[in-house]
Amino acid sequence: MSTSAKPFQASWLTRNKLKVAPFVFLAPALFFFCVYVVIPIFQSLQLSLFEWNGLYNADGESTATYIGLSNYAKLWDDPNFWVSIKNNILWLILYMLAIPAGLFVALFLNQTVTGMRFYKSLFFFPFVISQVVVGLIFGWFYNPDFGVIAKVWQLFFCEEAINIVGNVTIKCRVPVPDILSNPDWATYGIIFAGLWPQIAYCMILYLTGLNNVASEQIEAGRLDGAKGWKMLWYVVLPQLKPATFIAVIVTVIGALRSFDMIAIMTQGGPFGSTNVLSHYMFEVAISEYGERYGYGSAIATVLFGIMMIFISYFLWRMYQDEKRGI
Amino acid sequence: MFTKIKTVAISLTTCALLATSASADDLIINFDDLNPGPKKGFEDAVAAFKAANPDINVTVNLNDREAHKSAIRNFLSANPPDITSWYPGNRMGPFVDAGLFEPIDDLWAAEGLDKEMAAVQPTMTRNGKIWGVPYSYYQWGIYYRKDIYDTLGLSEPKTWDDLLANCDKMKSNGVTPFTIGTKYLWTAAGVFDYLNLRTNGYDVHNALTAGEIKYTDPRIKATFANWSTMLDRCSFVDNHASMSWQDAIAPFANGDAAMYVMGNFSVDGYKNAGLTEDQIDFFQFPAITPGVALAEEAPADAFFIPSGAKNKDAARKFLAFIAQPEIQGPWNETIGQLPPNNQASISDDKFIQEGFSVVSNAAGLAQFYDRDAPAAMASEGMKGFQEFMLNPSKVDEILARLDDVQDEVYK
Numbered sequence: 001m002s003t004s005a006k007p008f009q010a011s012w013l014t015r016n017k018l019k020v021a022p023f024v025f026l027a028p029a030l031f032f033f034c035v036y037v038v039i040p041i042f043q044s045l046q047l048s049l050f051e052w053n054g055l056y057n058a059d060g061e062s063t064a065t066y067i068g069l070s071n072y073a074k075l076w077d078d079p080n081f082w083v084s085i086k087n088n089i090l091w092l093i094l095y096m097l098a099i100p101a102g103l104f105v106a107l108f109l110n111q112t113v114t115g116m117r118f119y120k121s122l123f124f125f126p127f128v129i130s131q132v133v134v135g136l137i138f139g140w141f142y143n144p145d146f147g148v149i150a151k152v153w154q155l156f157f158c159e160e161a162i163n164i165v166g167n168v169t170i171k172c173r174v175p176v177p178d179i180l181s182n183p184d185w186a187t188y189g190i191i192f193a194g195l196w197p198q199i200a201y202c203m204i205l206y207l208t209g210l211n212n213v214a215s216e217q218i219e220a221g222r223l224d225g226a227k228g229w230k231m232l233w234y235v236v237l238p239q240l241k242p243a244t245f246i247a248v249i250v251t252v253i254g255a256l257r258s259f260d261m262i263a264i265m266t267q268g269g270p271f272g273s274t275n276v277l278s279h280y281m282f283e284v285a286i287s288e289y290g291e292r293y294g295y296g297s298a299i300a301t302v303l304f305g306i307m308m309i310f311i312s313y314f315l316w317r318m319y320q321d322e323k324r325g326i
Numbered sequence: 327m328f329t330k331i332k333t334v335a336i337s338l339t340t341c342a343l344l345a346t347s348a349s350a351d352d353l354i355i356n357f358d359d360l361n362p363g364p365k366k367g368f369e370d371a372v373a374a375f376k377a378a379n380p381d382i383n384v385t386v387n388l389n390d391r392e393a394h395k396s397a398i399r400n401f402l403s404a405n406p407p408d409i410t411s412w413y414p415g416n417r418m419g420p421f422v423d424a425g426l427f428e429p430i431d432d433l434w435a436a437e438g439l440d441k442e443m444a445a446v447q448p449t450m451t452r453n454g455k456i457w458g459v460p461y462s463y464y465q466w467g468i469y470y471r472k473d474i475y476d477t478l479g480l481s482e483p484k485t486w487d488d489l490l491a492n493c494d495k496m497k498s499n500g501v502t503p504f505t506i507g508t509k510y511l512w513t514a515a516g517v518f519d520y521l522n523l524r525t526n527g528y529d530v531h532n533a534l535t536a537g538e539i540k541y542t543d544p545r546i547k548a549t550f551a552n553w554s555t556m557l558d559r560c561s562f563v564d565n566h567a568s569m570s571w572q573d574a575i576a577p578f579a580n581g582d583a584a585m586y587v588m589g590n591f592s593v594d595g596y597k598n599a600g601l602t603e604d605q606i607d608f609f610q611f612p613a614i615t616p617g618v619a620l621a622e623e624a625p626a627d628a629f630f631i632p633s634g635a636k637n638k639d640a641a642r643k644f645l646a647f648i649a650q651p652e653i654q655g656p657w658n659e660t661i662g663q664l665p666p667n668n669q670a671s672i673s674d675d676k677f678i679q680e681g682f683s684v685v686s687n688a689a690g691l692a693q694f695y696d697r698d699a700p701a702a703m704a705s706e707g708m709k710g711f712q713e714f715m716l717n718p719s720k721v722d723e724i725l726a727r728l729d730d731v732q733d734e735v736y737k
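Going line by line, the protein sequences match chains A and B. The first sequence begins at 1 in our numbering and counts up one residue at a time. The second sequence begins at 327 in our numbering and counts up one residue at a time.
These are calculated hints, taken from the structure and not from any lab test. Quick reminder that beta carbons are idealized off the backbone N, C-alpha and C, glycines included. Treat the hints with care, since some could be wrong.
[Said to hold, decoys possible] No farther apart than 27 Å at their CA atoms in a straight line, the calculated lysine-lysine pairs in the BS3-like style are these:
#1 B:K720 to A:K86
#2 B:K597 to B:K484
#3 A:K171 to B:K495
#4 B:K484 to A:K171
#5 B:K720 to A:K74
#6 B:K365 to B:K720
[What the hints assert, rightly or not] Derived coverage of chain B by chain A (criterion: at least 3 residues anywhere in the stretch with Cβ under 8 Å from a Cβ of chain A; other residues may be distant):
#7 467 to 478
#8 579 to 590
#9 711 to 720
Let the hints inform the model, and build the full structure from the sequences given.
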C-alpha cells in the first residue's frame, strides 16, 4: 500500500497473490462440491414440488407435473413416513451408546502391555470392514435356521427328529426367535449390528485423545486424592472434550445415514417396519417399485432439514470454539 | 433444470454410442436376460431372423435383468433401440403413457395374432391399443412332493375342501403343508392372486388391481378370510419372512414341507436341490368358490418398439418373425417355458405339458400382482400381504391402509 511512485508497478495479481492463492487452491474442490452437492440439493428441493416417475417423453422432455406442496401433505399422512422418523430417532438415541462404549474400550486398551498394538488393531478391525459386510454377517448371525443364535437356541429347545421321507429335521418346543422378521425387534437387531463398527470408530477417536491427556494433571489429581470415577469424570474427560465432540458428530451423522445395513439386512422389512428416512427415500424413488421421484425428493428434503439442525449446531459450536482460540 | 442437465449428459453418451450406427437396414435389439437358457433361445431366434433376412444388419445389446430395468428408463428417450424387451401389464404403463412405445395393432391384425395369441392380448393392451409381442410365458400353480402325497395316500385336490383335508392329514403326520419365502414379498402376492382369482374370479381381480374395487370390499375380505383359513389349516413354514424363494426350497427338498405355490421357473431349483422328476409334480390351484371360472397366473415377457426407433420397418419385420409358431416353439423349448402363440409346439417336459393345458383352458390370464397393479400400489400391497401372513388378526387394519394407498395411487 505504498503511495510513493516506484519505477516498477507490480500487476494486480502479484500484489494480491496472498489473497488470491487460497481461492485458486479451493477452486477445484468448490467446483466439484457445487456440481455434486450444492446443485443437486437445490434440484431435489425443486423436484419435491413435482410429481414425476423419472421418465422423459420421446422428445426428451420431462414428464413431471408441478403439484406444489402436495408431496409434503402426502408425507404427513403417510404411516410409513412416521415409522421411518420413529426409527431414525431410535437410531439416534441408541447409536449414542457407541460413545461411552468406545470410551471404555479405549481406556481399557490404553495401557502398555506387550503386543498392545496388535490388540488395538483387532478392536479397530470392525471399522475397517465395509458396512455391507457387517450387515451380511449379522444377518447370518440372526438367521433362524443356521445362525449362531439359532444354533444356541436349538441346544436348549429343539431336538432332531426323522421326518416323513426319512430325512433328519429339527423340531423345536419353542420356535427360534426370528429377530429380523419381527417388527418389534428387527430395528434393534440392525442397530446392534451397526454399533459394532461405530464403537470401534469412537474407540480410535478416544485412543488418540488419550495420548494427549497431560500426565501432570493426572498426577496432580492423584495427589489430591482423586481416583476411579472421580478421576475419569473430573480430570480425564474434560481433556477428552475435543474427541467427544468429534465422536458425537460422527455418531449422529452415522445414525442418520444408516442406509447400508438396512438395505442389506431387511430392505426395510418386515413390511416396512425397519425403514428409516434414507432407506424409505430410496424405496420410494429408486427401487424397483419406486418411480416416485418427487415424493422421494420430499423425503430427502425432510431428512436434509433434520441433518441441517445438527450440522448447524456443530458448525456453530466449532466456530465459537475457534473464536475463543481452543 | 433437472431436465436439461440430464439431457446433456445423456446426449453426450448417446453421441459416443451412435458413432458407429444408423445405416438404412440396421436393427438394434436390447435384450435383458443373460441366463444361459434364455440367452441361447433369444440368440437362436435372432440367427434364424438373420438367415431369413440377410439384408438386415442386426445388432444385439445384452444386459442383465436388473440393469435393464434401470437402463430402459434412460435409453427409451435418449438412445432408443429398434426393439427392446420389457414386461406387459402395468409394467409397460409408464412408458406407454409417456409415449415411449409404438402401438402395433396393425401388426397384430396383419399376422392374425389376435387369434393365435388371444390369451395374452388383454395384457398387451393399454388405452385401447396393443403395444408389443410376447415371446414367452410360464404357468403358476402348486408344485408338490409326489412321494409324500403317495406315502400319505393323498391325491391332487380339485376343490378347496380337498386341499384343506389334505393339509389336515399332512399336519397330523408332522408335515408342514406349504413352504414359502416372503423376505422379498412377491411370493406372498402369488398366493394372494390365486386365492382372489379362485374366490372372486378374473374380473373382480382385475378390477381390484385396476383400482376399481376397494380392498375393504366384502369380496376381497372373503379372499382374506380364505387366506386366514389356509394359514390356519394349511400352515406355512416358520420363519418364512426371513427366507427368499430359493431358501424356501430347502424345507421342500428335505421333506419337511410338501407344497409350494410357485412359477414354473422354480422346477430347476427343485432339481438342483436333489429332487428327481418322480418326486415332484404339479397341480392347478384348486377351485374355491364353486362356479367361478378358473383363471391363471401367467406372466409374459415381450418385445416392444420404442417410439424413437430409427428403423421401425425392420423392427416390425422382426416382431412378426418371432410371433410365428415355428420360432416360438423351439425358443420356449430351449428356455423351458410356454409359447404365447397357441399354434406353437411345446416340449414333452411334464411340467410344460401340464402347464400348457392349464393355461390354454384358463378363463383369463393374470400377469402377477406386481405387474397388474401400479408400482406404488404393488409395493404397499405386498407389504400388507406379508404382514397379514405374520399376523392374520390385523387384517382390517391392513385392508384399511391399502384403501388409503389405493385412493392415493389411482386418483
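**Message:** Count the residues of the region 467 to 478 of chain B whose Cβ falls closer than 8 Å to any Cβ of chain A, and tell me whether that reaches three.
**Reply:** With 5 residues closer than 8 Å to chain A, the region 467 to 478 of chain B meets the three-residue bar; holds.
**Asked** Taken at face value, is the distance from the CA of A:K171 to the CA of B:K484 at most 27 Å?
**Response** violated (31 Å)
**Restraint status (C-alpha distance of B:K365 to B:K720 at most 27 Å)** = Roughly 44 Å separates the two Cα atoms, so the pair is violated.
**Asked** Given the proposed pairing of B:K597 with B:K484, does the C-alpha separation stay at or below 27 Å?
**Response** holds (26 Å)
**Asked** Counting residues of the region 579 to 590 of chain B that have a beta-carbon nearer than 8 Å to any beta-carbon of chain A, does the count reach 3?
**Response** That given contact holds, which follows from 3 residues of the region 579 to 590 of chain B lying within Cβ reach (below 8 Å) of chain A.
**Message:** So is the region 711 to 720 of chain B in contact with chain A by the C-beta rule, three or more residues under 8 Å, or is the coverage claim wrong?
**Reply:** With 3 residues closer than 8 Å to chain A, the region 711 to 720 of chain B meets the three-residue bar; holds.
**Request:** Measure nothing beyond the straight line between the CA atoms of B:K720 and A:K86; if it is 27 Å or shorter, mark the hint as holding.
**Result:** With Cα atoms ~21 Å apart, B:K720 and A:K86 stay inside 27 Å; holds.
**Request:** Compare the distance between the alpha carbons of A:K171 and B:K495 with 27 Å, and conclude whether the hinted pair is satisfied.
**Result:** holds (19 Å)
**Pair hint B:K720 and A:K74, alpha-carbon separation not exceeding 27 Å** = Roughly 24 Å between the alpha carbons, so the hint for B:K720 and A:K74 holds.
In this structure, the hints that do not hold are numbers 4, 6, in rising order.
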